[in-house]
Structures are given as structure tokens and as C-alpha cells.
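A.B. asks: Residues per chain, in single letters:
There are 2 protein chains.
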Amino acid sequence: MKRLTPILLLMLTALTLHAEDGYRLWLRYDRLADDAARATYAAAVGRIELASPAAATSPTLAAAQQELTAGLLGLLGVTPEIRIVQTTGPVSQAPDGYQLHSSTPGTVLIGADSDLGVLYGAFALLRRIQTGQSLSALNVTSAPRVQRRILDHWDNLNGFIERGYAGFSLWKWFELPEVRDPRYCDYARACASLGLNGAALTNVNANALVLTPHYLAKVAALADEFRPYGIRVYLTARFSAPIEIGGLKTADPLDPAVAAWWRAKTDEIYRLIPDFGGYLVKANSEGQPGPQDYHRTHADGANLLADAVAPHGGIVLWRAFVYAAENTVDRVKQAYHEFTPLDGKFRDNVVVQIKNGPLDFMPREPFSPLFGAMPRTRLALELQITQEYLGCAIQLAYLAPLWKEVLDADTFAAGPGSTVARVTDGTLRHHDLSVIAGVANTGSDRNWTGHPLAQANWYAFGRLAWDHTLTAAAIADEWTKMTFGHDATTVATVSHLLLGSRETVVNYSMPLGLHHIMAEGHHYGPGPWVTHARADWSSNYYHQADAAGLGAARSANGSNAVGNYAPELAAVWGNPDTCPENLLLWFHHVSWDHKMRSGRPLWDELCLRYQQGVDEVRAMQREWDTLAGHLDTERFTHVQSLLRRQAQDAVIWRDACLLYFQTFSKRPLPAGVEPPAHDLEYYKSIKLRYVPGHPSDY
Amino acid sequence: MKRLTPILLLMLTALTLHAEDGYRLWLRYDRLADDAARATYAAAVGRIELASPAAATSPTLAAAQQELTAGLLGLLGVTPEIRIVQTTGPVSQAPDGYQLHSSTPGTVLIGADSDLGVLYGAFALLRRIQTGQSLSALNVTSAPRVQRRILDHWDNLNGFIERGYAGFSLWKWFELPEVRDPRYCDYARACASLGLNGAALTNVNANALVLTPHYLAKVAALADEFRPYGIRVYLTARFSAPIEIGGLKTADPLDPAVAAWWRAKTDEIYRLIPDFGGYLVKANSEGQPGPQDYHRTHADGANLLADAVAPHGGIVLWRAFVYAAENTVDRVKQAYHEFTPLDGKFRDNVVVQIKNGPLDFMPREPFSPLFGAMPRTRLALELQITQEYLGCAIQLAYLAPLWKEVLDADTFAAGPGSTVARVTDGTLRHHDLSVIAGVANTGSDRNWTGHPLAQANWYAFGRLAWDHTLTAAAIADEWTKMTFGHDATTVATVSHLLLGSRETVVNYSMPLGLHHIMAEGHHYGPGPWVTHARADWSSNYYHQADAAGLGAARSANGSNAVGNYAPELAAVWGNPDTCPENLLLWFHHVSWDHKMRSGRPLWDELCLRYQQGVDEVRAMQREWDTLAGHLDTERFTHVQSLLRRQAQDAVIWRDACLLYFQTFSKRPLPAGVEPPAHDLEYYKSIKLRYVPGHPSDY
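Order-wise, the sequence lines are chains A and B.
So the first sequence is residues 1 to 698, counted in this note's numbering.
So the second sequence is residues 1 to 698, counted in this note's numbering.
In case anyone wonders, no lab produced these hints; they're calculated from the structure.
Every value quoted in this text rests on a predicted model; they were computed, and no experiment measured them.
Among the hints, a few may not be true.
[Unchecked claim] Mimicking SDA-like on lysine to any residue, the simulated pairs with C-alpha atoms at most 25 angstroms apart in a straight line are:
1. A:Lys249 <-> A:Asp307
2. B:Lys265 <-> A:Arg689
3. A:Lys684 <-> B:Glu178
[Claimed, not checked] Which stretches of chain A does chain B cover? Using the computed rule of at least three CB atoms under 8 angstroms from a CB of chain B, they are:
4. 158-165
5. 638-652
For glycine and all other residues, C-beta sits at the position ideal for the given N, C-alpha and C.
Please construct the entire structure, taking both the sequences and the accompanying hints into account.
C.D. replies: Rendered as C-alpha cells:
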């Protein structure tokens, strides 16, 4: 045997085989590289006092202690002395708020009015170190602005997640209750680190089986796993459950036997789960059963369940996402139409849960007018963390800017400053019960969210649920530092990519107020040509393209959906000359020659906006590529490949939509817009099968 | 604020938060604790020579080098010099065999006749260190006994795995080909570490869509990821694909247009995947289309595809698992009945793939008589790694003893010593093509196999595929050391638990030759009462319980299935007095009073055997509990909870079966058998829904 040249040693980074699997999320406690900073922090946290009224150990305080011990050992290499002490009076404005205080050098006090508040404070202290904030003269208080901060999981009992793009359900129903996946605890930790305190475990398209004793034992096991971290479980209640699993002939909410059944079922649940949060209900929408099946109102249905949970302190989250085939009202007016007459008719423990927009989680919508129209009803804001209409877990879309748009939107319902945020947190109407919900983007993928950067959306939802005054930029910066470390280039680049990403998706998919022109069913990619026997499942119901122009006529000379808003808004939005251009085609059918603020006609502006979206994805690719060597190969390569796919998808969106709209506009593509590679028929022929999260393929 | 007592420090083990997620499988390269051993090994591997005929770097040699570098750095803390050298002549009996040789102290030569052989040798060297074997005067050669060592994945394109109990498919079809999950590479590494060299990616209940260009691009991406590790991809071919995606009117195998379609399709595949392995086909079985739809034979169908792949060196794996509703032959005779007349009629590149038993992967079956009955046909052995009938990924069942039973079984087809192993490896009939296949138990769960100890089944299948002469005990010892380290108590205990576990499952579910008495559809738990319009889907078709006795009459005075075996076996098995008791009720309908070797009547023996199974699971629990503190909390707790569930399940099996059979035997439970907690109706009323892996629930 003859010797040949030696092989060069492989890069040492390749040796840490697949350590960066993303499982740890933002709870990464790797040793800080900066020796001086580490020493300073270590000196500051030599002793930690956990102060609560009970001042006795509890599973929640043990969790706080465990997190601090692990976190500080990892970050700083030290093991502080941790003591439990007693508070002498109220610490915070809200039960689970916390105080971080360093009156004595070397000692940090984490005080709260509940053990859960202490746990939140422990995570906050770790976050300060992870993000490089000073601990000197520490004196911080923080309290959640919304009481119930809930993740809604659209998980079926067979493991499929409707609109889930990161694998399948985290809840392993078959193994439960005996087998308890360690992941349950890590899920709860991650949620608690953000201040989330609820999880609705099951799909709003509900299955009554989860309310049977066989499954309730499993739910109770999950509740046990979550309890130390302050996560209460909620279940979706199928309205027809009294028939399906109760043996009754009716589910009529005014039938005494039905009410008795729900009371008994609810009592049974609370015996197993004393801190059960309550029911989440989708009724009389998209085929789900509901009180209207018995000619009763949503209030009748919600109050039925509310009376059952009330003795236990439970609540009912009744969704306002309702529409029906037989309803001929403009789809974006239907919830308003059905719910505003019921204002004041719901029990105090009912919260009407409203999607951020009047349609359905589009890349951009105006806020739902219901937020300004039900002063005597507790209203919850429902956001979608999973990217049903923003590219699944393939495309990068940091959603905090979208959510901030909604939260900061002014309903003018009680004068200027009546923001959706203040409606949601209850301060506007002085409600004593407040809820914010996010449809989760979690799944069984090792990194939880499929796209590594989609973890930022889970994070951002949790942080905004705690404090809606945080900015999208501050949250992005925080998350990036916690997730990728302190390399300045990485932090700046990732934050920059995140912040622009949602608008980029808007640009290449539904710019200028376009909406609901996606592919049918799975909702991935373009489908402006989709037609359906049901008008409001057809794209042209929404884009209304014709030879004259484009856009939905919803001003006073159309459906007058704009009339559902306060006069201050209706006046601005109802006029195409004053309507913000990013909502123009939502409210107005506009001539192809309509002069835009750029001076260009609508058609040219539309084309250039689609092109801009494509250009922006390509720029994102180039920007990401500059990070080579700045972070681990695994996440670098994964995001790189996802951006490559996104760039292809963006081109398809642009070409398909422009070719389709061109059949109406009859105008050429303006200079600067790349000509499509295929004809319209090609794009119409793309039939994707087995897109994740699409119920019909399972 | 008042100081209270300090909390005790948590155990340090709790601080390594969830590091033991099982993702690394047996490829764990943690630093050896024994300093002296480490130094000895480090001295032995200071230089490593990778010797192959090409003696040039390649992706496969790079993989070998990367594995050695990472492994030795991890295990020993050293980075050896690695050189590529040239072999001067053949090293091994088989192309991918390897030699490990240390002629010079401090230097290990890994020689092979192919780069893949070198990779296998690299894994073998690491395994020797992981399992504590000496490297001094190293001179080892090893070669695979079977050429094609394949994992069959029953994965659907929507991610669902039929009979998969460890999450969903590893193949993320929607993201492919752009996005390549790092897990693809880790899958290939794990397979290659065992010598596996093929993966059939799709369910045998096939979907023609995978043969369309859109999916073939995705398959090619997987093939690219696997190629450095020597894993070739195979696809399941839906026999009606020429109609479904080809636009033809027929799939008749003798139709020239059909043959042309398959040739063109196959050429297309090989253009994308030059090393494509070939097709795996389930035809005319359980509703799958096949050549019999056109009154052609299995040979006609197989040869059609064989001719298409032959020019590219591909093969066809044609499954012998065939049965049909209209067939009135004893179900366990059907494959024999259909296939033996075709012996000699298959092309040379067709391999008939036979499940180990004549029925369907039961906890215990005799071997399939086809292994002794088709001398002129290449025969593959198909084993089931996933535990369809042995408790999903809930119950512990180490399957190497089952597989060894089959491999070592003597068909007597060419005289004594004509084992199934020798039929499979081709030595008995001097065939030049040999295949062994295992239905994979892998899925998207973080630990790959759901049950942490079920990783041992993947491992054992791979090791036996390479060398069927290895013992189940040696493999268990190897796997345990690699997976749990060298703590003597842990190794002894885990190995002991593994080795007894399959017989325990037999005892509490289907002892004494009972079979096919499981619950309908999902197959989890007992269902001796299951009746179906189709006789051979009913349990009593198999157990034949009546007032007189129990067991299937398959001797000469029954269906004479025993006549499918060699006279040497038929004589022994055909007589209840000589038939091994563990197959008694497979071949004989026996009186309840039949005197067993223990001296007890059958009824008492049966009852005590079920009780024994329950007792054994409880003993397993106690034995596992002795490991507290010997291994990480995460795996310890997980297995503990799984055993708890298994103990409950075993009781249900025992009670349900004994109460059911008691309705025929009319005899009391003998002393030593615990009385059932419920009546028979209770057990019959258990209706599990959403059991993983069950197609009807998806």
C-alpha cells in the first residue's frame, strides 16, 4: 500500500455534530464569551432572593430556582445562593407581575405577589443577562397588561395540526396519561419564559371525544405537566357534544337537559383539573354546529357554557369568526352583522374572541371593526402565529409588525386613543377580564417551528401578550441575541431581515390591499383565478378585477363595509384619494389608470410592487449569505435553503398574479418588471398536493 | 422582607437540561471515563490510513474521515492523522467488506475494496472503542453476507407512516428539493453505521404521484443526501401508475404501451438518480392493483418492471404478501399457493420478498414455507422492525430473538442446514443477488423510534442484515454499551431486559402459538372476539376456540398447511405430541384438557402463560427501577413510564383473552392467576381511537 497526501483537517465546527438543532429555542444558556461581562454579572447575582407572599417552596418556585441555577451556571459558570423570602406587601399592579431589585450589591431580589410572578421574574433576569443588559442598580417592575395570554393549538386528536407547518401535534394522546414526553415540560418552560399562561389544546374545528373520560385523563396529565409553569389548559367544546357523547337528542342551549349535561361535564373536568381555564368555541362557522342550529343566538350558546364554568372560575372564549354559505352580506361584514346586536347579552365570564381582521389572517387587513363596536362585551384579540397565508414555515415573515399595526390601530370607539390594544387589555371599557390568543406555530419538528426564524413569532406573540407597548424592533433584537448570541453582524442582520420580512411577503403576494387571492384549500401560493360555487370562496369576490380596474368596492357606493368603522376612519378609508395605499384595494375598486402617490398608474404600481417583493427576497438572500461563518452551519444552511425556496415562490406569485390581472388590464408590464418565464396556464396548472396543515390531504 | 431557609441545591444532573433526547442514537462519542483505556486507545489510533483502490478523496471517504475525526475527538480527545492510501489487491470477500489492521503500533489501517467499505470500517473501528474492545494486534475482516440491506419505509406522501409509531415521516416532501433537513444526513449516517445500504422511501400501499417529475426531483434530492453514506433509494411502484399518471387505458403487463411507459419512466428516474435501487411492489394484495387484474401472473408483473430497470442495473422487489377476499385457501397457505407455481419464471433481477412468517408479523409464527419452496427464485426476507403486533412503540419488545428464530430456522429444502438465512443470503442456491428488508420503526420523534429502547431494533436489524450469525445477546450488549455507556449494572440490566422482552409480549398476548387475535384495524391490544364479514379478518378464523378446545387445525386432518413444509418438519409439527408447544395452537386444534409438558391441561397452561406475561412485565419494571441513578433522568423516567403503561396493557390482554376463551372452556382460572377486574363486556367495549400508525384514522 502506497501513501498518498494527507487530507486536510475538517473545520472544527463540523465536529459539533448537529448540536444546533434549535430545540432550545431562545432559552440558550451558553457561556458568555466576554470574560469581563461574565465577571460583572457573576458578582451581581451572587445571591438571589425569591420573594413571594407564601414564602414556601412550591413546584413553581422550584421551577424558578431550577431555571436560574441552570441558566446562571451555563451563562456565567456560577451557582448563586438562592433563598426564598417573604414579601411584605404588594409588589406589582397585577397578580403575576414581578420586581427585579438589587438594593444590596451582589444580591438580586425577585419579588412578586404570586409564585408565578417570581418565575416570570426569574426568566426576566436571565433574559437581561442573555441580551447583555446591565444589572447594576437594578430596579425594574413589570406586569402583564392582559390577564389571559393563550396559545391556541389547532391540533386534532390524531396528531394532525390544521394549518400546522412544523410537524405534527406535540400532544401524544395515545401515550398519555402514563407516558409524559419531556417535551411537555419544555413547552411549558418556553411559554412561561414569555409570560404565556394558557394553552387551548385542541382544534377549534372540534372533536367531542376530548371531553370523554378517556381523554380527560390525558388532558389532566398535560395540565399536571404544565401547572408548575403557570400554563392552564383550555379545551375546544364541540357544541353538539351533548348529542355525540352525551346521548341527548338535542344540543339546544335553552334545553334544561343540555344545560345540566354541560354542568355535569364541566364539574367532571374541574374535579380532574382544578385550574382548568375554560372552553374555546367555534360555532356556526364553516360547518361547525352551534346555537343557530336551534334558532338561538351566539349569546345563548356562550352563556350556556359560561354558566357551567362560572362556579369554578372558568371562562368561555366564543369566537367571532363566523360566516355561512347562506349569508349574502359582504363577508367582511358578517361577524359585525351577527355580533353587534348581541352586545351586552353575554355573561361576564364570556369573552368574544375576534381575529385581528374582519376576513381571515390575511398578510394585511384593516383591524376588525368589532373591536370598536361592542363596548359592553369583553373582547379578545386572536392573532395567527402560524403562517397560513404568509408562506407556511417555508417563507420568512416576522409577524410582530403586523400585530403591532393591529394593536396600535385606533378604533376611535371612545375617542382618539381607543386602540385595539386598549380594547383587548380591558382598560378602554374598564373590563375586569382580558384575553389575547395566538394560533400556535409549534409542532413536533425538532426546532418546534419548522423555519428556524419562525421561532421569533412565537417569541414575539408571547412578549406582546405580556406588554403590547413593546416595539417589533425591540423584540426582534431581544430574540436574536437570545437565539444567535451577541455577534454584532449577526444581530444586526437577523433583526433587519426579520423586520422587513412581512412587508416583503405582502409585496409579492397581496400588495396594495389585495387579499384572499391565494391557492384553494392549502392556501400556499397564488390563486387569483380560483372560482368556487360559493361566491365568498372565490378570489374574484375579493379582487373584483375587470376591464375597468381592480379592488373590492367597500366604500359607501359599494358594500359599505367601511361604514362598520368609526366616522373618523370611514371618512379617510372611504375615499380612494385619502385611503392609505396599503389598504386601497381592500376598500376600493380603482381604475387601472388611477394615479398613485408615486405618480404611476395603478397597473404599473401593482406590477412594480410585485417586482419589489421578488427583489426584496433576493436581497434577503444576499444579506443572509453575508452571515457565512458568523453562525453555526446548520442554521445558516437551513435558512439559506428556505430563502432559496422563498425566492422561487415569490417569482411564482408575481408572475401568476400579473399574468392573471393582465387579462383584465390589457396593459404591458412596465419597465423594471421581469417578464414571466411561463404563460398563465402554466401557473394555473400547478396543483400542489400534501401541503402540510391542509385538512383535506389527511 | 424576612429571610427564610435556603432551598437545597438541585441535583446537578437536572442542570444538563434535556441533553439526553436520544437523537444521537448509538453514535454517541462522549469522552471515555477510564483514563487508562482512553490513553491506550489514543496511542493505538494516532494515525489512521484509509485504504481503497481509488485512493482519492470522495464524498464517502470524507464522510469516513469526518466520522472518525468527530468520534475520536469525542471519545478520546485526540485528533489522529488520517491519510488516504491505495490498496494493492482485494481486501475482502464482498465489495463493501473491510479490514481493520494495525501492523505498525499506533497506526490503524482501514482497508476495503470500495470507499463505502472504508466507511463501514470507520464505523466498525469507532464501535470497537465504544464497546470497549481491544485494538492491540488488530486484524479483523468483515463482509456483508447479504448484498442489499434495505429499510422499507411505509411512509405516505402526506407524512403519515402506516404502522409508524414514532411520529411522522422523516421525508419532508413539501419542502424538498430545495430544503434539506439535516436529519436526512443523520439518518444516512445511522444506517451506514450498521451497513444498511438501501431505503425504500414510500409505502407499499403505493401512490403513483411519487413517480411524477415533481416528486422525482424531491426523491433525487434525498438520494443526493444519502449517496455519500452508500444508501440507495428505492421507490414503491403502484402497478396502475401507467393509467393514473401515464394517461394509458391499461396497466396490463403484456401490453407493449405499458412496457414502453415503464421503460421511459425508469429511464427518467435513472437520469435523475443514476444509482437508483429499483422498485418495491405490493400487487394484488389488500386492494392494491396488480397483474392479476389483467389475468396475468405475478411473474408477468414483476418481469415487466424488471425489464425496465435491467439496463440500469436495477432490481425489482416483488412482495409475496398476497391475499384476497375471494381466496378460500387457508390464509397461511395463500402465498405458497400463488407463488410456488411461478418458481423459475422470474427474471434474474427480480427478488420475491417474503415476510418472515406465512401470516403477518405475528409475535410468533413459524417461518414462511416459501423459503423452502422456490429454489430457482431469488428470495428476500422481509422483517418488521416497527412493532405493529408487538405493542407499537409503547411496549418493550427487542426483536432480534424473533429474527434469529427465523434466520436460524431450517427449511430442509436442500437437506439439513438449509436455513432461512442461507436462502436469504443466496449461498444455499448460489444466487448472485441477495436482499434483506426491514420495515422501519423510524419517525420524526426526537429519539427516532418513540420508545428509547426500540432504537435497539433498528440497530439489531442492521447488524443482522450485515451478519446473520451474530447472536441476539451480542447485539444487545453492543447496542447497550454504545447507547448507555459502560456502567456494568446498566449494561447487564438493559441487555437482560431486552433479551427477555419479546417472549414476554408473546406470553401476555398470543402464547402457545396463538395468533391474529388482536384488536381490529389498529392492532393494539386484544380482540379475540373480532368478527368480520371476511372470514380471514376474524379472530376465530385463527384461534378456532370452541367447547372442545382451541387452536387452528392445520395438520393433515385440517387445512394441512403443515404440508407446505419439508417432510422433516411436517412430521414433527404435524403431530400435537411432537409439535413445539410455542407453535402448538398454530398447527393444532387441541382439547382444553390436552396434557401439556408441564403436566397441566391446556386451559390451565394457557391461563398461567398469560399470567406469566403479566408477572414478567412487573419484574421488568422492578428491574428497570434498580437503574435509578445509573443513567440520565430523562431516559430513565421515559422508559419507566412506558413500562407502567405496558404493565396495564398486559393485564388487559390477559383478562380479555382469558375471559373470552373461558366462554368456550367453561373452566375456572387456575390458582396463581389473578381474577380479572372487569367482565368480558368491559374489555370488548374498549374502542381505541387515533392509535398511531392506523390508516383509517388519518
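A.B. asks: Now tell me if each hint is right for this structure.
C.D. replies: Quick rundown of the hints versus the structure:
no.: 1; hint: A:Lys249 <-> A:Asp307; in the structure: holds, 21 angstroms
no.: 2; hint: B:Lys265 <-> A:Arg689; in the structure: holds, 21 angstroms
no.: 3; hint: A:Lys684 <-> B:Glu178; in the structure: holds, 22 angstroms
no.: 4; hint: 158-165; in the structure: holds (count 3)
no.: 5; hint: 638-652; in the structure: holds (count 6)
Violated hints: none; the structure is consistent with every hint.
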